[in-house]
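Sequence order for the protein chains is A and B. Residues are numbered in my numbering as their position in the first sequence, beginning at 1, plus a constant of 28. Residues are numbered in my numbering as their position in the second sequence, beginning at 1, plus a constant of 28.
Hints are supplied without guarantee of correctness; some may be wrong.
Computed cross-link-like contacts, DMTMM-like style, restricted to lysine to aspartate or glutamate with a CA-CA straight-line distance of at most 25 Å [stated by the list, open to error]:
| id | chain 1 | residue 1 | chain 2 | residue 2 |
| --- | --- | --- | --- | --- |
| 1 | A | K214 | A | D149 |
| 2 | B | K186 | B | E155 |
| 3 | B | K214 | A | E37 |
| 4 | A | K214 | B | E37 |
| 5 | B | K482 | B | D445 |
| 6 | A | K568 | A | E436 |
Treat the hints as calculated values from the structure; they're not laboratory data.
Number of protein chains: 2
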Amino acid sequence: MADNFPHREAALGSRPADLLLANCRLVNVLSGRIEEGVSIAIAGNHVVGIGTEYEGAERIDLQGQYVYPGLMDAHIHLESSKLTIPECGRAMSRCGTTAVFADPHEIANVASLEGVSYQLDTASHNERLSVYFSIPSCVPAIPDPELETFASYMGPTKLRTFFNNPWFVSLGEMMNMPGAIYGDPKVLQKLTDIEARGLRADGHAPLLSGKPLNAYIYLGISSDHESTGVAEAQEKLDRGMYLMLREGSTESNLQDLLPLVNEHNSSRILLASDDLDPIDLAERGHLDHMLRICVANGVPAIRALQMATINVATYFRLSRHGAIFPGALADLVVAPDLTEFRPTAVMRSGRFVIRDGVELPAGRPLRSHLRSTMNADLPPVEALAVRAVAGRKLRCITAQPGQILTGEATVSPRLVDGWAQPDPAQDLAKICVFERHRNSGAFGVGFIQGLGLKRGAVGSSVCHDSHNIIVAGMDDESIRRAAERITAFHGGQVAVAGPAERVLPLPVAGLMSDGTFESVVLEEQALHDFCQEALGSSMKRLAAALSFMGLPVIPELKITDQGLVRVQAGRYPERVGVWVD
Amino acid sequence: MADNFPHREAALGSRPADLLLANCRLVNVLSGRIEEGVSIAIAGNHVVGIGTEYEGAERIDLQGQYVYPGLMDAHIHLESSKLTIPECGRAMSRCGTTAVFADPHEIANVASLEGVSYQLDTASHNERLSVYFSIPSCVPAIPDPELETFASYMGPTKLRTFFNNPWFVSLGEMMNMPGAIYGDPKVLQKLTDIEARGLRADGHAPLLSGKPLNAYIYLGISSDHESTGVAEAQEKLDRGMYLMLREGSTESNLQDLLPLVNEHNSSRILLASDDLDPIDLAERGHLDHMLRICVANGVPAIRALQMATINVATYFRLSRHGAIFPGALADLVVAPDLTEFRPTAVMRSGRFVIRDGVELPAGRPLRSHLRSTMNADLPPVEALAVRAVAGRKLRCITAQPGQILTGEATVSPRLVDGWAQPDPAQDLAKICVFERHRNSGAFGVGFIQGLGLKRGAVGSSVCHDSHNIIVAGMDDESIRRAAERITAFHGGQVAVAGPAERVLPLPVAGLMSDGTFESVVLEEQALHDFCQEALGSSMKRLAAALSFMGLPVIPELKITDQGLVRVQAGRYPERVGVWVD
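Turn these sequences into a full structure, and let the hints steer you where they fit.
See below:
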């Protein structure tokens, strides 16, 4: 008969544990209090006992430092870090993160099941981070070839292939809001299947409100991470969603939403980052950064920690996670205070990944088998010209700093020989998306305000969610050249200005580097510096911001390889022309 | 393709709902606030929308009354109500209860799978109450024939037969603490199986503390309802258990434990009744009574309601329960205030079971096929005599009012002709347990203090958990006669005093009546009055208290058909003699 409990005797104290962390100030997120002077006994991968009377083969006196559970990110797309999972794990474990709930839909959009398998493989080759996955619900975001060309398609049958893998713990964010609300049979089937499995269905409902929100929640979708204002978030909480407060590189919503958190609702509120670029990981951190924001804004430290630990585990129905108790995975962080949350030690599954500031050695670099996903037939530069239409104004996307929501504006463009031109005086750039999976030659052209470009062009093969090539620039030659350089590097982010260029190569599916965390940070920083100095844009993370301009499930105006797409909450997206009727 | 969401259009408002509850004061246990003037749209069994703009085929103006979710009892043995489930549902729905989490281990101990099937059948024949079951983990409480004779045995193989029934949502209370802690392979197998199914394992750990508690929790057991003091409950909460605060007829712990509840821990605290007799159901109520205690003791009403609704649903991982939101089962209560919690209307699964004080008509009475479970070979009266041993003191159980914990005391008994006798002057009665399942003739004899008996005898075929016949009395003839009358009625509770007697017949497995709620209350009240008037005992619910004196998993001294058993937390129970060494 299988004994699932090999450390029962260590728990009972009739055998010594492997390790005793003595003299801890235990942050007990279960009971909401701090316990002084306790010992934590660890055997194998698990905490086995808490008290003062345990013994361990090894004993470490923590001298009254705080010990809190390893932090858990409730929703993230790891591909956005541009790092392979082992390198991302290195970056995140320094911040006290021991587990993430990752939706692999970026790589799934590029490389379908093979892409997801790659993430699973690399997750298992890292020792720092427990990576739980959600089953990508919307590959592509909206499966309508008239809205955009997409590379992969995952219907309900394909999704069922994930059901017997215990690392998949939810259905990933249901971005296809119209499909859900208006009853697309495939969407309803996915939701029916996941509920029958007893797993959560994660939501994605920016600005959704009223009856459409009710209908969306009626389908069993039980969380959201897209709220940008308190009223929006309050309505979602009232109507039954767990709220994930998000602080991503391009989606900074945490501080705005904290006024919502109170003693009666916080158990249904979690922290999530959604998308983090490597510079932010290096400079700000991860969930530790979010905890600092919480505490600085008056949230009690214990409540902030609950939102990043036990609340996440409870939402995902994981019994042995999110807190430090007998039988829990030994995922924990040692830190001298609860204001800065800077770890002196981090343990994952009973093994130190950082101890006294020293990290586990990095594993062997992983070679990717996912190269050469670029298959683009770029148009000639002349094809990018936009002919003016007499008496009509130009429709353009307006970018908003720190948000992935965009607006729509109309402008009178500068004309040269009857062709509409980018115009630094109006902060107006041209923006193009080039299909890059099927060699179709499809591309879309539009205009965008708010990027701050003065000259040159910047582009990215990270372009949510279908990850075609997106480029914004101030002249067609630069735009064409940026796109060409991206294909030459098998994917990446590129800025060009005259003959000069900077490249952040992303050869793994066009989304990720196979370099180290440190090298990618340097490359990305060089790219950003170049954008500021050579392209004249002061926008923070220009390439990252650009990568969301092609996502036709986020209001209000986006661009795909099929052209401009208007997105409004609760309505089906519609293509619109460059010129206003 | 199956559409699991037939009321999506009603949720979206493109079709009217079946029913609109207008002008509600919605008690939102999800966000912890009260929403004024909202409408609740209901279609089929579910809430489909909340707002002000819905329409329904029928519309009821609730004129600003409070609407809160149907109450959920986190742990109960329905058999203790002595009512069949349809009658119990009648009694409970009047209190605003719409769901219970029932451990059918009483009837399982008497009649194994057939008994559980009976409860399942009757649950499906009631329209008032959603009865979720736990899989009885400990039938019998401790499977050791030297501790007591038991009728049924359910090993891990038998328990697996429940796994595909979705009404079973947890492993029932693991009362076999020694088996768990010291690694009985069958117990470990049950816990391993349930964790693999993703279901909770409920605990039962009176007075367990320190390392044995750690070991018990290490096994994945994640709740407890047996705490009697704040320090005990705090330790269990700290170590990872969800706490069920209990207010049963014989186990009154709620008020003592309320000081523990605070803003940081309340999401892990639930309300439960465990065992309720029909008089208490009639006079005090059910969870509404517990809510009144909470509010009277300073717990905010919203938090009290969370403990009786959403916290319970979250613990058992039920997604569409415990709150009023789109997609939730329409289980709700209408009441004029949040201090008395007296419903004017109760709805279960979209159907009113009480409206304007009028109840749904009762269903057809159910005939039980579980009669004649009595199979006892009672000893002659002379066999009950206890011969004094020179120079030795008598060991006796001490009963504690309102608790199922007992103590152990030693007394110098009154002797008559060298035989130890009951003694009203010392409040000392004789207590016997007679095996009644296997016709074995086994019986145990001991003494007990604290029942307040002056004469006669009182007995019960409800005798946790093996449900042999237990009788306490002041003379052997009365004891023998009470036992004989219980067998004659195919089970029941009986009091005898000289030639007079009162009987509450319990022919369904010796545990339940097949009468109506009202008739059982009258019979039980008559029995209690008789105990007071004819037997002279002022103890509240004497027969109910007696029914726990045979449960050898509750400290500190109990009696079975094998004699006295000493029970200490964290240790294996041991048989002890009537005379102290």
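Any hints this thing doesn't respect? Which numbers, in order? The structure conflicts with hints 1 and 2, although it agrees with all the remaining ones.
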